[in-house]
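Engineer: Since the structure of chain W is provided, determine the placement of chain V on it from the hints.
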Amino acid sequence: MTAIARGLSGWEATTALARLSLRRMLRGKTLWVTLAIGLLPCLIAVFAQRNQSALEAWASTLKLALPLIAIIPPILVATSLSDEIDEKTSAYLWSRALPRWSVVTGKLLALAPVAATLSALGLLLSWAIFGGPAAVPAAVVGRTLLGVFAGGIAASVVSAMFATVAPRFAVPLAIGWLLLDSMVGALSMNLHVIAVSFGPRALASGTQVVTGVISLAVLTAIALTIAVRRIDRIE
Amino acid sequence: MTAAMVSVERCSKWYGHVLGVSDISWQLTGGVIGLLGPNGAGKSTLMKLMAGLLRPSRGTVRVMGGDPAEDASVRRRIGYAPEHESTYDELTGLELVTTLAHLAGVPRAQAGAAALSALATMGMQATMNRAVKGYSKGMRQRTKLAATLAHDPELLILDEPLTGVDPIARNEIIAKIRALAAAGKTIVVSSHVLYEIEALTQDIVVIHRGQVLAEGNIFEIRRLIDHHPHRIRVECDRPRELAAAIAGSDHVLRVSMERKAILVDTRDPDRCYDELAAAVIERKLDLRAMSSPDNNLGAVFEYLTSGQGRARASE
Chain W
150 MTAIARGLSG
160 WEATTALARL
170 SLRRMLRGKT
180 LWVTLAIGLL
190 PCLIAVFAQR
200 NQSALEAWAS
210 TLKLALPLIA
220 IIPPILVATS
230 LSDEIDEKTS
240 AYLWSRALPR
250 WSVVTGKLLA
260 LAPVAATLSA
270 LGLLLSWAIF
280 GGPAAVPAAV
290 VGRTLLGVFA
300 GGIAASVVSA
310 MFATVAPRFA
320 VPLAIGWLLL
330 DSMVGALSMN
340 LHVIAVSFGP
350 RALASGTQVV
360 TGVISLAVLT
370 AIALTIAVRR
380 IDRIE
Chain V
306 MTAAMVSVER
316 CSKWYGHVLG
326 VSDISWQLTG
336 GVIGLLGPNG
346 AGKSTLMKLM
356 AGLLRPSRGT
366 VRVMGGDPAE
376 DASVRRRIGY
386 APEHESTYDE
396 LTGLELVTTL
406 AHLAGVPRAQ
416 AGAAALSALA
426 TMGMQATMNR
436 AVKGYSKGMR
446 QRTKLAATLA
456 HDPELLILDE
466 PLTGVDPIAR
476 NEIIAKIRAL
486 AAAGKTIVVS
496 SHVLYEIEAL
506 TQDIVVIHRG
516 QVLAEGNIFE
526 IRRLIDHHPH
536 RIRVECDRPR
546 ELAAAIAGSD
556 HVLRVSMERK
566 AILVDTRDPD
576 RCYDELAAAV
586 IERKLDLRAM
596 SSPDNNLGAV
606 FEYLTSGQGR
616 ARASE
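Top line first, the protein sequences correspond to chains W and V.
The first sequence maps to residues 150 to 384 in this note's numbering.
The second sequence maps to residues 306 to 620 in this note's numbering.
Pulled out of the complex, with its shape left as it was, chain V reads as follows:
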């Protein structure tokens, strides 16, 4: 029997009267696992418990056999990338990753080389000497991932690493995470967008209202979500031009306009993201933001929380 990399036993976490996670039991032996759930489901709380940022109110969390909240030797084997964007904006990317590598336990003399290597892995060499405050969302995410990798941890915990990044950066980050998994890292990655998780792994844990709702292969969930079109919101300088470029595709069900953005409903998110990226590059559009509201996933969660959905998801 393989020893569990992460073992969560009857774990609950409250923030005062607010419930973060409720009586979760779950084990992870290795590979890439996706934590999927709508915003506020408890994914970040579970990840913080695994990374040692929080102590459980009840139950236990063991990572590589130790308590991550109490044992620093466990934490040095974990790389955690938080969901939020806040970072030390006054520093350059290289300074930030070097400092965080040293704080993660890399000797000071080696921290610079470790940071350079991690930034190179994430494709950030060209901009690593610029201040982080000038970085785009994609660059911030990649720098955060470099900081997560620099001390060569065995377990990576990545909280919504694809949130807010443009399609090109998104594809690059997915490729990097896949490469890390191929190199033998155990990776826990969260998202509220099924499509993002699907690009990374087939093994998922669905979390809803602080509880594990379903666990296993992504295909059943995927089949459910196919009934609910994936929605993408794109903000750019010439939204009408982008809408015209994408509207003719057979997978696009609907394109609606906002003042500076378009909303695309699609049956095939993979193709849609690729075509959006191609249209942006071809027409030299100024892409400002891209996001995927979780309305569609919400419908699936409602289905899963019903008795019928629970039965099918656990099959």
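Extracted from the complex, chain W is given alone in its bound form:
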């Protein structure tokens, strides 16, 4: 053995763990389960377009697609992080020369974009089913997809937070919390700004866009801070 270990920077550790997480995800079943869930809006789209105008069908599909933010990120992100802790593979990571927070950031770097993309994929395909720009304006669809993607990223960070707070029950807790959140986000009172689901709704509707973006950014930052602090204390 001639390799000289020199320690990894936080960024090097994050990217190394992201590569590991991606490789594991691609060889596991979770990706395919979440892909199947992500495609559910297409089924609704096929039925909705028979009875409704394209715009009405788009609105119906969006109603189903938004709760997917509460399901896909927990399955992908919370499972990956909580399994690491629960199945004790974390021992390999904690004993290595890397900052513990990089385990959270590495998982998120790899899995959050996938979770967000899968959350938005069904909507994008539904738009194609409806007939594309001729049926629903591209600007509306673009805004909506951006909102769902951003919501998927925020929900991934919330899922990571639950995985560090209660690893054994992370997935049901994260799904339960985010479903409750989706109800709060739909309220017409100001309380809705504390919900992750408010941001995607604001972006999709084109109203309160700035408030929605700030809300998402603040909620994501809070969840990330809790996750990073908690992972440092896990034994």
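Hints were generated in silico from the structure; no laboratory data involved.
A few of these clues could be false.
What the hints assert, rightly or not - Cβ-Cβ distance ranges computed for the label pairs, FRET-style:
#1 G469/V to R382/W: 23 to 33 Å
#2 F196/W to N344/V: 55 to 65 Å
#3 G345/V to V367/W: 41 to 51 Å
#4 G325/W to R564/V: 37 to 47 Å
#5 Y320/V to I343/W: 28 to 38 Å
#6 R435/V to K237/W: 17 to 27 Å
#7 M338/W to G364/V: 45 to 55 Å
#8 K237/W to H322/V: 14 to 24 Å
#9 E375/V to R317/W: 25 to 35 Å
#10 G370/V to M338/W: 56 to 66 Å
#11 P282/W to E375/V: 53 to 63 Å
The beta carbon of each residue, even a glycine, is placed where N, CA and C say it ideally should be.
Structural biologist: Below, chain V without anything else, positioned relative to chain W:
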């Protein structure tokens, strides 16, 4: 005076209300040291404290002068192999060791070569491109050891590295660990089976109920354990055939049958393991598991925890 590689000062660790280790003080300057104790004695907790996985509830743990839980530069000089089998089963052996070498601080461009070298040292070249999920216990243990070595650490902490492996793999792993010690590595190895530790080192620390019970040369403990036959449980496809093959040996005190296994009580574990391995190979038996229950060691610990035993062990 030689600087301590590991220095544990009045260290205690609680998991909530459960005690892991209690007020342990201990120093290690080098060589191979065996941590011996029954399951739940606190060996794994002590090893995790040394590897930086846990922070002490009270007291201090210093490794090479630094705090392993806080200082990443200390951890990169440590190789830790956990007791459990869980690993990244989706990866191949080579991918696993390469990734863990890189995470231990080996530059990405060199991690592959470091992993290849470590896997070759552990005799895993032939199977390193297979997924870990298809590995036997022995292959998993050897891959774990390769991952522990790949970043060329100065201190190796091996938690029960021989648990569950077959006699052939066991002998190979013992030879590899001995070779590493001869190459100058400091090694801390744990087991609940005296015989396994004996094959690796003469210097032992006996841990029981979270405390260091005795420390020093293995011979006194060995003399005590000779009064308590060593028991080996072997699971295979034709247990009666294996029982017949081993029953005539003079060191075998008793062979009892279970449904798919035999229990052998022996006065000479070395010979017994060798003869079992030979019988398995000669008769082409399908060996499923081999373990050594720690009942015999338990009796010795009971003796040691008595006043008389304490006095003799500390002589």
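Engineer: Does each hint hold? Answer for all of them.
Structural biologist: Do the hints match the structure? See the list:
{"no.": "1", "hint": "G469/V to R382/W: 23 to 33 Å", "verdict": "32 Å, holds"}
{"no.": "2", "hint": "F196/W to N344/V: 55 to 65 Å", "verdict": "59 Å, holds"}
{"no.": "3", "hint": "G345/V to V367/W: 41 to 51 Å", "verdict": "46 Å, holds"}
{"no.": "4", "hint": "G325/W to R564/V: 37 to 47 Å", "verdict": "45 Å, holds"}
{"no.": "5", "hint": "Y320/V to I343/W: 28 to 38 Å", "verdict": "35 Å, holds"}
{"no.": "6", "hint": "R435/V to K237/W: 17 to 27 Å", "verdict": "23 Å, holds"}
{"no.": "7", "hint": "M338/W to G364/V: 45 to 55 Å", "verdict": "54 Å, holds"}
{"no.": "8", "hint": "K237/W to H322/V: 14 to 24 Å", "verdict": "22 Å, holds"}
{"no.": "9", "hint": "E375/V to R317/W: 25 to 35 Å", "verdict": "27 Å, holds"}
{"no.": "10", "hint": "G370/V to M338/W: 56 to 66 Å", "verdict": "59 Å, holds"}
{"no.": "11", "hint": "P282/W to E375/V: 53 to 63 Å", "verdict": "57 Å, holds"}
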